[in-house]
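Position chain B relative to chain A; hints supplied.
2 protein chains.
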Amino acid sequence: MFSGAQVSLYPMSDDFVGIILNAIEALDPWRDQLRLETDSLSTLIVGPPEVLFPAMRDLFCATARSGIHTTMHATVSRGCPGEPDDPICTPVAGGPRGMSLADLVAAGRDRVAAAPILELDIAAQFSLYPLGIGHHMDEIYGCIEFLKNSGTYDRSKNFCTALRGDAGPVFETLGQAFTGFGFDTGHLAMDVTVSANSPSDR
Amino acid sequence: MFSGAQVSLYPMSDDFVGIILNAIEALDPWRDQLRLETDSLSTLIVGPPEVLFPAMRDLFCATARSGIHTTMHATVSRGCPGEPDDPICTPVAGGPRGMSLADLVAAGRDRVAAAPILELDIAAQFSLYPLGIGHHMDEIYGCIEFLKNSGTYDRSKNFCTALRGDAGPVFETLGQAFTGFGFDTGHLAMDVTVSANSPSDR
Numbered sequence: 328m329f330s331g332a333q334v335s336l337y338p339m340s341d342d343f344v345g346i347i348l349n350a351i352e353a354l355d356p357w358r359d360q361l362r363l364e365t366d367s368l369s370t371l372i373v374g375p376p377e378v379l380f381p382a383m384r385d386l387f388c389a390t391a392r393s394g395i396h397t398t399m400h401a402t403v404s405r406g407c408p409g410e411p412d413d414p415i416c417t418p419v420a421g422g423p424r425g426m427s428l429a430d431l432v433a434a435g436r437d438r439v440a441a442a443p444i445l446e447l448d449i450a451a452q453f454s455l456y457p458l459g460i461g462h463h464m465d466e467i468y469g470c471i472e473f474l475k476n477s478g479t480y481d482r483s484k485n486f487c488t489a490l491r492g493d494a495g496p497v498f499e500t501l502g503q504a505f506t507g508f509g510f511d512t513g514h515l516a517m518d519v520t521v522s523a524n525s526p527s528d529r
Numbered sequence: 328m329f330s331g332a333q334v335s336l337y338p339m340s341d342d343f344v345g346i347i348l349n350a351i352e353a354l355d356p357w358r359d360q361l362r363l364e365t366d367s368l369s370t371l372i373v374g375p376p377e378v379l380f381p382a383m384r385d386l387f388c389a390t391a392r393s394g395i396h397t398t399m400h401a402t403v404s405r406g407c408p409g410e411p412d413d414p415i416c417t418p419v420a421g422g423p424r425g426m427s428l429a430d431l432v433a434a435g436r437d438r439v440a441a442a443p444i445l446e447l448d449i450a451a452q453f454s455l456y457p458l459g460i461g462h463h464m465d466e467i468y469g470c471i472e473f474l475k476n477s478g479t480y481d482r483s484k485n486f487c488t489a490l491r492g493d494a495g496p497v498f499e500t501l502g503q504a505f506t507g508f509g510f511d512t513g514h515l516a517m518d519v520t521v522s523a524n525s526p527s528d529r
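Which chain is which? The protein sequence lines are A and B, in order.
Residue numbering for the first sequence follows the numbering used here, starting at 328 and increasing by one per position.
Residue numbering for the second sequence follows the numbering used here, starting at 328 and increasing by one per position.
This is chain A alone, in the form it adopts within the complex:
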């Protein structure tokens, strides 16, 4: 399996370059589990599905703690048939497969409740795309059921779901949505945007 993300950070500041360069060291604790490649549009992060969201969380929080209005966008994917297998992507643990939706929702909610509180309020919105299956909406509706019980659910929007809360639980919710839905080895993509310090929220 191949899993990873194309990640872009957008600090809305004249000093966006300096803010990003300062934040990148937040990835240091994760580097031995990840492979990184940066170009002018995004940074590719390749690694196990469970590690992607904690690593993105630390990168985003380090940037947002500048106090500057910052957003991060990520195109996250696992199991794409067009990508070669890579040992660095081996899942850390088996996914919660074979569970009923009710148990999956309860397990996900427990994981979100146990997430660290990072004292940073954020908003997020994301879309989940289970690919290569005819009943993709079943997986999406199952995930929405989890989200509504996650404690971070904000509201449904056209094409996506909005979350809100502390960065710890919000990123845990995103990670649970990514690893807990869609077939274990199936192709799943996620389009996610995270925002902090928006003047619209003041």
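The reader is advised that the hints may include incorrect statements.
Identical copies look the same in the list; a pair holds intra-copy or inter-copy alike.
[Unchecked claim] Straight-line C-alpha distance at most 20 Å; calculated DMTMM-like pairs for lysine to aspartate or glutamate:
no.	residue 1	residue 2
1	Lys475	Glu410
2	Lys475	Asp430
3	Lys484	Glu410
4	Lys484	Glu472
5	Lys484	Glu364
6	Lys484	Asp465
Hints in this document: simulated from the structure, not taken from any laboratory.
Just chain B, lined up with the frame of chain A:
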């Protein structure tokens, strides 16, 4: 059918609010064909599939002409079974259905070649997600064949394809990818990022 986009503009400037507010009037010529709703994360643009990309193009170009490093992200969708039909989304013209891939590629290339030149160099990367079908990679590989012949192809990246060139042809390429691939009335989503004035490109 329902079609639209959640669009976010990111000018990397202390004056991001002013730059965005100045740019929004670029949507005025499109307003009678679109419905807009803005919140703190994105602006929902609902309208016919063929109108979405020209409208986003004009919005992005108006912002990028500030000279500030600006990116735009859009989650674009048509035919989602979870969204109600809306008359404002009625396609302006029938899609290029029933054509061979070779003819589809040639027709798309002609449309891109005829696009207006806007004298603004941009980079883009995007992922196309044909949903609810078992052979989604066939549609994706067909689209990649078109992209490689579009005149705006830059390179393949993990999880996405990068384009580069003048804003006119690049947005025409994106629009052709969105309307020309996936089933006519099927569920198709696109995750697209556009960038201008990046210091990495200087």
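message: Hints numbered earlier in the text: which of these fail when held up against the supplied structure?
response: The structure conflicts with no hint, since it agrees with every one listed earlier.
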